[in-house]
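Engineer: Letter by letter, the chains look like this.
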Amino acid sequence: MAKVKSLEELMKIKEKSLKDLQMRDTEKKGKIVVAMGTCGIAAGAKDTLQAIVRELADNKVDDMSVVQSGCMGLCEVEPTVEVHMEGQAPIIYGHVTPEQARRIVQQHILSGKVVSDLMVKKGEI
Amino acid sequence: MSLEQCTVCARHETLYQELDAFIEKNRHRPGALIEVLHKAQSLFGFLPAEVQAFIAKQLGIPESTVFGVVTFYHYFTMKPRGQNQVKVCLGTACYVKGADRVLERLKEELKVGIEEVTQDGRFSIHEVRCLGACSMAPVVLIGEKDFFGRVTPDEVPKILKKYRG
Amino acid sequence: MSATDKTSIASEAPAPRVEARAATNTILLCAGGACISSGEESCLQALRATLEKYALQDVVKVVETGCMGMCDAGPLMILYPEGVFYQKLKPSDMEQIVSEHLLKGRIVESKLFVDPSTKVKITSAYDDHPFFTKQVKIATRNMGVIDPMSIEEYIARDGYFALRKVLQEMTPEQVIDTLKKSGLRGRGGAGFPTGLKWELTRKVPGKEKFVLCNADEGDPGAFMDRSILEGDPHSVLEAMAIAGYAVGAQKGYVYIRAEYPLAIERLTEGIKQAKEYGLFGENIMGSGFSFDLEIRMGAGAFVCGEETALIESVEGKRGQPRVKPPFPAQKGVWNKPTLNNNVETYANIPPIILNGPEWFTRIGTEKSKGTKVFCLAGKIKNTGLVEVPIGITLREVVYDIGGGIPNNKSFKAVQTGGPSGGCIPAEHLDMPIDYETLKTIGTMMGSGGMVFMDEDTCMVDVAKFFLQFSVDESCGKCTPCREGNRVMYEILERITNGEGEEGDIERLETLGQSIIDSSLCGLGQTSPQPVLSTIRFFRDEYEAHIREKRCPAKVCRSLIRYHIDESKCVGCTACARVCPVAAISGSLRKPHRIDPEICTRCGSCIEVCRFGAISKITPI
Numbered sequence: 001m002a003k004v005k006s007l008e009e010l011m012k013i014k015e016k017s018l019k020d021l022q023m024r025d026t027e028k029k030g031k032i033v034v035a036m037g038t039c040g041i042a043a044g045a046k047d048t049l050q051a052i053v054r055e056l057a058d059n060k061v062d063d064m065s066v067v068q069s070g071c072m073g074l075c076e077v078e079p080t081v082e083v084h085m086e087g088q089a090p091i092i093y094g095h096v097t098p099e100q101a102r103r104i105v106q107q108h109i110l111s112g113k114v115v116s117d118l119m120v121k122k123g124e125i
Numbered sequence: 001m002s003l004e005q006c007t008v009c010a011r012h013e014t015l016y017q018e019l020d021a022f023i024e025k026n027r028h029r030p031g032a033l034i035e036v037l038h039k040a041q042s043l044f045g046f047l048p049a050e051v052q053a054f055i056a057k058q059l060g061i062p063e064s065t066v067f068g069v070v071t072f073y074h075y076f077t078m079k080p081r082g083q084n085q086v087k088v089c090l091g092t093a094c095y096v097k098g099a100d101r102v103l104e105r106l107k108e109e110l111k112v113g114i115e116e117v118t119q120d121g122r123f124s125i126h127e128v129r130c131l132g133a134c135s136m137a138p139v140v141l142i143g144e145k146d147f148f149g150r151v152t153p154d155e156v157p158k159i160l161k162k163y164r165g
Numbered sequence: 001m002s003a004t005d006k007t008s009i010a011s012e013a014p015a016p017r018v019e020a021r022a023a024t025n026t027i028l029l030c031a032g033g034a035c036i037s038s039g040e041e042s043c044l045q046a047l048r049a050t051l052e053k054y055a056l057q058d059v060v061k062v063v064e065t066g067c068m069g070m071c072d073a074g075p076l077m078i079l080y081p082e083g084v085f086y087q088k089l090k091p092s093d094m095e096q097i098v099s100e101h102l103l104k105g106r107i108v109e110s111k112l113f114v115d116p117s118t119k120v121k122i123t124s125a126y127d128d129h130p131f132f133t134k135q136v137k138i139a140t141r142n143m144g145v146i147d148p149m150s151i152e153e154y155i156a157r158d159g160y161f162a163l164r165k166v167l168q169e170m171t172p173e174q175v176i177d178t179l180k181k182s183g184l185r186g187r188g189g190a191g192f193p194t195g196l197k198w199e200l201t202r203k204v205p206g207k208e209k210f211v212l213c214n215a216d217e218g219d220p221g222a223f224m225d226r227s228i229l230e231g232d233p234h235s236v237l238e239a240m241a242i243a244g245y246a247v248g249a250q251k252g253y254v255y256i257r258a259e260y261p262l263a264i265e266r267l268t269e270g271i272k273q274a275k276e277y278g279l280f281g282e283n284i285m286g287s288g289f290s291f292d293l294e295i296r297m298g299a300g301a302f303v304c305g306e307e308t309a310l311i312e313s314v315e316g317k318r319g320q321p322r323v324k325p326p327f328p329a330q331k332g333v334w335n336k337p338t339l340n341n342n343v344e345t346y347a348n349i350p351p352i353i354l355n356g357p358e359w360f361t362r363i364g365t366e367k368s369k370g371t372k373v374f375c376l377a378g379k380i381k382n383t384g385l386v387e388v389p390i391g392i393t394l395r396e397v398v399y400d401i402g403g404g405i406p407n408n409k410s411f412k413a414v415q416t417g418g419p420s421g422g423c424i425p426a427e428h429l430d431m432p433i434d435y436e437t438l439k440t441i442g443t444m445m446g447s448g449g450m451v452f453m454d455e456d457t458c459m460v461d462v463a464k465f466f467l468q469f470s471v472d473e474s475c476g477k478c479t480p481c482r483e484g485n486r487v488m489y490e491i492l493e494r495i496t497n498g499e500g501e502e503g504d505i506e507r508l509e510t511l512g513q514s515i516i517d518s519s520l521c522g523l524g525q526t527s528p529q530p531v532l533s534t535i536r537f538f539r540d541e542y543e544a545h546i547r548e549k550r551c552p553a554k555v556c557r558s559l560i561r562y563h564i565d566e567s568k569c570v571g572c573t574a575c576a577r578v579c580p581v582a583a584i585s586g587s588l589r590k591p592h593r594i595d596p597e598i599c600t601r602c603g604s605c606i607e608v609c610r611f612g613a614i615s616k617i618t619p620i
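Chains as they are written, first to last, in the numbering used here: chain A, 1 to 125; chain B, 1 to 165; chain C, 1 to 620.
If you're looking for bench data, these hints aren't it; they were derived computationally from the structure. Don't take each hint at face value.
[What the hints assert, rightly or not] In the EDC-like style, the derived pairs of lysine to aspartate or glutamate whose C-alpha atoms are separated by at most 20 Å in a straight line are: (1) A:5 - C:64; (2) C:165 - A:9; (3) C:616 - B:100; (4) A:5 - C:282; (5) C:111 - C:93; (6) C:111 - C:64; (7) A:5 - C:169; (8) C:165 - A:15.
Isolated chain A (complex conformation) (with noise of 0.2 Å):
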């Protein structure tokens, strides 16, 4: 890997980088974030993971990148997931069991209709 030794390279990661994380001009369709701390781990995200993963491959849906980020605070609706499709605003979701992460894959991701009663909050955190 490029050694960064300038703004400007530093400034060309970023860019790049930052196109993903808001889901912007990328070549996938969207991305599922689940939060993998501690505390999410307790409350079971490790399955809900696994769940979401499992249902994303048996619907053969291979345009969704799936990533862990840390605890966003809320501990008390954990596990909590993610869905940001490109160009929309993202939608935060807790008490994801196993089954909720299955129902968010497919009305969400397959439909593209929110699980209303699992959300927790519309935007950026």
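Given the coordinates of chain A, work out where chains B and C should sit on it, guided by the hints.
Structural biologist: Below, chains B and C alone, put in the same frame as chain A:
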């Protein structure tokens, strides 16, 4: 010597080799004793006197120094532990949310006390300091990474079942 | 997506004609205690009937939820996906809501929820959720936003730009000056000015210096450091490199609890990635400055959070505190000048460098600038991690951000500062949270743990809990802490066992004060605080235990007994079956009774009784 003892010896032999290699690698790092003890405990499961003597010899420090450090820190133990260490967090939040009752139930289910190992060697129960998952209180940790949050006494048998094999 | 998938979804979807008509697909009705008592159930019936009248019963899902927290405005309703919030509902309102809102998509203005403090009508329930809106995120700016294992995402959020600026545009003195101007104070508890600490370390002559990060988060109830390291490890790494440049150190140590394996893993990966980009290690960004870092795992000793004990432990020894002075700035790790800051303090530094000190001083109070991260735990609705401007009132934290106390219980106290701090009772709810104000009432900011307690928490029992912690964790070096705390613990044990005597409270106060006055390190000097502070604010509870042998919160097992109300007991046998010691007797459909001699006061029976027939009685 019976055959069974020999397999234990052989296993110990490789563990000692692995520990020795780790010590060799970290010898140049000043103050590596605690790191070495962490490694030794992860290999042997606990830190018996022989292991402490070995570490002292390899690091070229007095055995008393090793013993002093082992007994100072809660994390190190000189008693063997179960294959699955069931750790009940007794931090403030867990305490306020009834961790003591979860602990009672665990003791009943496993029929052993705190810091004791079940007869089949499968479980041991430990009280631990705050695990930092207070929002999920009360918290039980099995091994190093299996966290269970908002545990009620009645969920204890279900949690243990996964590890009963 | 394959064709089969499409059909399976289509079959789940409602008939298109109806779907077009109903904008709303879920209605949440609050079924918290307050809303039920203000008529939620009749509203629910009316709503169901109205939905059926318009043939919407299969399209719109009605869900009863737990308490939404705005109990004064109940019964409450939220309509999704729009998130429209209606308040003070009556059964007669349902017709209008269904016909106007559901069918025509027009919001019923007259029923909109009004924020009690701002008097503004709220249309959307969660975009403006006070849990998020009252927070100001600096130290936790990236948490939950980026992938902690991706340095690129950290860079996308201006990561390592501060390090670049420092290395290529600033002298070490300018960096220190910036920090001093920002007014940042140590977030580990005591609140020492960070810039001053850096300056002291810089001024001590010496070629070899060290930078330490204290991640030995030992306070029970505090998990902000863990969350920052797990969620945004690079923010700490970047700040430590900046610190190294400013004080003249080439090497750092992160001292982290072995109980945090996930944080250790992410930190290790972070160091590796930063080195690959040349943002860490040899000759960073071609500036000639080199900085490397080692992770040192703790081994479960609370005292190692004290900086000199931590230094001993980094050196691989027993973590016993050293006598100060000399301070770590003069003689720290291997007796070299050493800078030690806590995780949250470091996480604040890159934004201060990038945005300038003036930006930072605009947040907070006169003497305490910036924000503080708090962990909400215990008896509070929204448990979790929040970052708020210093000076916010406790009331805002409890009721706006924390959502209040669950199960309609009342707020009794909050413990801040862990075993070194004290409690804050309800009478001080409107006090601003800052370093100085908290000190005036005998507690401290501490590292940021807030453990909430409600009317079911016994303050004597809580004080005993903290003292037991200090007894266990005393390193044994000095007598007042090692022996004094033990004696205090024994007195508390007597009191909670119903064997307290007149004069015990005074004995605790005198003993506590002498431990404070005569201990060497911070742990000993603060260990009696939880006892002294609960005596200060809840003396009557201590007196009830001692004089009346009564535990007002019904917690202390020796002072309570369980009782079955024969008029409420239907003889379902549920309690008898769950009792672990067979203390409950009685035959089917006949009232049961508990034998107080056998009963261990475990409380299992209360949990299973569905008729509210079992209660706790104190004194016995």
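Engineer: Hint by hint, say whether it matches the structure.
Structural biologist: Each hint tested on the structure:
At most 20 Å may separate the alpha-carbon atoms for a hinted pair to count; residue 5 of chain A and residue 64 of chain C exceed this at roughly 58 Å. Our distance criterion of 20 Å between C-alpha atoms is met by residue 165 of chain C and residue 9 of chain A, whose separation comes to about 13 Å. Straight-line distance between C-alpha atoms of residue 616 of chain C and residue 100 of chain B comes to about 18 Å, which keeps the hinted pair within the 20 Å bound. A distance of roughly 12 Å separates the Cα atoms of residue 5 of chain A and residue 282 of chain C; the hinted pair therefore holds under the 20 Å criterion.
At roughly 8 Å between alpha-carbon atoms, residue 111 of chain C and residue 93 of chain C fall within 20 Å of each other, so this suggested pair holds. The straight-line distance between the Cα atoms of residue 111 of chain C and residue 64 of chain C is roughly 19 Å, inside the 20 Å bound, and the hint therefore holds. Only pairs whose Cα atoms come within 20 Å are accepted, and residue 5 of chain A paired with residue 169 of chain C is accepted, the gap being roughly 13 Å. With a CA separation close to 18 Å, the supplied pair residue 165 of chain C and residue 15 of chain A stays within the 20 Å bound.
Checked against the numbered hints given earlier, this structure breaks only hint 1.
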